[in-house]
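Participant: What follows is each chain in one-letter form.
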Amino acid sequence: MSDVLHATDGTRIEARTDRGILPWIVGVLGIVAVALAIWLGMLLTAEPELGASGEIQSLVDDYISAAEAGEAEGLAAILTEDFSADLTFDWIVTPGYAPLDDADTRDQLLEEIDVRYFDPQLARVSRLAVTGDGPWFVADVEEWELFDYRLHQGSIYVVTEEEGRLLLDRKWVIGAQLELPED
Amino acid sequence: MTSVIEEQAAADGRRSAGGLGRIAAFLVLVVVVESVWLGALLLGTSPLAADAEIEALVNGYVAAFETNDIEGLRAVVTGDFTVVEQFDTSITRGWVPVLDEIDLDGIALMLDQTRTTMDLVRRSDLVVTGEGPWFVADVEEWTQERRRIHQASVYLVVEDAGELQIGRKWVVGAELGRAGGGGDA
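Chains A and B, in that order, give the protein sequences. So for the first sequence, my numbering puts the first residue at 141; every next one is plus one. So for the second sequence, my numbering puts the first residue at 1270; every next one is plus one.
One should not assume that every hint holds.
[What the hints assert, rightly or not] What the simulated footprint calls covered on chain B by chain A, stretch by stretch (three residues with Cβ under 8 Å from a Cβ of chain A suffice, anywhere in the stretch; the number is not a length):
hint : stretch
1    : 1286 to 1300
2    : 1337 to 1345
3    : 1369 to 1382
4    : 1396 to 1402
5    : 1421 to 1430
[As the list claims (entries may be wrong)] Label pairs and their computed distance ranges (CB to CB):
hint : chain 1 : residue 1 : chain 2 : residue 2 : range
6    : A       : V172      : B       : T1386     : 42 to 48 Å
7    : B       : M1379     : A       : L262      : 34 to 40 Å
8    : A       : S198      : B       : V1305     : 27 to 33 Å
9    : B       : E1400     : A       : Q261      : 16 to 22 Å
The hints are simulated quantities; they were obtained by calculation from the structure and are not laboratory data. Just so you know, even glycine gets a beta-carbon here, dropped at the ideal spot from N, CA and C.
Isolated chain B, as found in the complex (with noise of 0.2 Å):
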């Protein structure tokens, strides 16, 4: 009787281990799957990402911008630089672009003058396409004192000498209200 109850225990116990095992290749399978899935999403990089000298150059002139250093965007722009702005300003009150054009000069004259620096909240993704040039596009979200400002830009980055630097960028944008506060300023 006992021998039957050993062999019958042990055969349960064949039978448990058995479907433990099944288990076990099934769970090893669904690790596997999703640990594929998650690598892709994590290491996939969209169509047109920017790849990393230009992503570099474009953020190496964002910071420059930011903490208004002047030296720091003539490393990375060219000589003729120049920026467009089209931009619905607190002044203009609506949606009547302002027209601007400043060139490095221009531009190192208003970060001197500029009393508070503009931090930068918020920036998307870059995205790029072209074989030199290249056009290069992202949105932008800055706060100056209280005011909010979005903007969308294109930088034109060229080959000089080996080198790549921006040619020329193009932002449009707007003041959108006071930061934190809601409400249009």
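Same shape as in the complex, but just chain A (with noise of 0.2 Å):
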């Protein structure tokens, strides 16, 4: 590549540069980085298939928080009236995966959650999958520390939407209890 330059008597002046092929290899970077920039964009801001809304995955977290922080009255506030827990869980002191024989209601939930008979600690939460559009069928799985032992387990919440508030309406768990392993 060279510039050509016209002195002040006409005589042409051919100035090579040392530019070479770096205007070609610029372009080329220039094109690539906006490409990869554009394919970033659409990744960053697409909606995962059958991922939670905001929304949805917000209602969830808090459930989850105000479990964990024995927060009744925070888990009072997005349970519906007729809310209940099924719970079906292998427990080192009953193995089988046997249900209990009722499920437990928002009363008794509430009650629980008050009196701290438990103090379950969240280790992990997958992210959310939902389904459906009112009502929404939302899974993942968790693992919960409780004394001594660990609580891996796949949960089902049921989410409805009263006066243009998503509230839980149901939630099924199913797991199982297993020892800490020794450090």
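Make one complex out of these two single chains by using the hints.
Facilitator: Written as structure tokens, this is what we have:
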């Protein structure tokens, strides 16, 4: 590549530059950078397939946080009056996946949370998957720690809309109690 | 005079090349950062995502169910496998769960009597927790004739003689309306 200049006396001067293929490289890099940026933007802004919307994610997050912190009032604000929780668990003392005879009603759950029979701590939770357009069915898996045990569980939440507000209507928990590994 | 202009031109050329070089270096940096970020997004797995063996097992179950393939189901479940269902159906009208527990023979009978197959429309990624047994969760959207069925599932996966099998399945869902038509059934 060269630049052509003309002196005042009309002499044609061809000045070779050191650019060579550099402009081409810059051009290609520019195109690649823009293409990657567009791809990144699409990935970052795309709605996940059957992923939770922000509102449903917040609702379930609030439920889990309130359950972990023992905040009965916070929990009461996001449950329907008819809320019930079904628990099918393989406990160490009662092996087998037997469901509890009766589901916890809203009041029973709030009382258990309030008096802190248990003090479970959330160790890990997966992202949520959601389907439906009212009611919505939400699935996740969670790991909790309770005393010297780990609880692994899959959970299903039913979310309904009442007077423009999303509320939790039912919850199913299926899981098992395992001993914590010794350090 | 000419030589001065030639030197000036050469100097301009070098400055221009230097500027392009800096732009090229910056673009290389941008491309590298974007590539690393993209790689992390594309290759990264979410916390508690299912590993390949568990994913293949549950996918096998769903595929066999969709095609009414009872032998395919038998191949991936334990001998005492049961499904626990709680559904809000167009018959019950409203959120009145129907509690049902079916073993594999019951599923075979149901699939045999079903005149129309169910078609899987959409399904979420699987998430899993546990170290044996494992608890696997997903959500699924099905159609059957003109009905849409939305459901969340939890699969219990156990290891038997070194082989992973599905020991139980819990399904909670509802018929939400007509496929493509909107409104409740």
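Participant: For every hint, state whether the structure bears it out.
Facilitator: Results of checking the hints against the structure:
no.	hint	in the structure
1	1286 to 1300	holds (count 9)
2	1337 to 1345	violated (count 0)
3	1369 to 1382	violated (count 0)
4	1396 to 1402	holds (count 6)
5	1421 to 1430	holds (count 5)
6	A/V172 / B/T1386: 42 to 48 Å	holds (47 Å)
7	B/M1379 / A/L262: 34 to 40 Å	holds (38 Å)
8	A/S198 / B/V1305: 27 to 33 Å	holds (31 Å)
9	B/E1400 / A/Q261: 16 to 22 Å	holds (18 Å)
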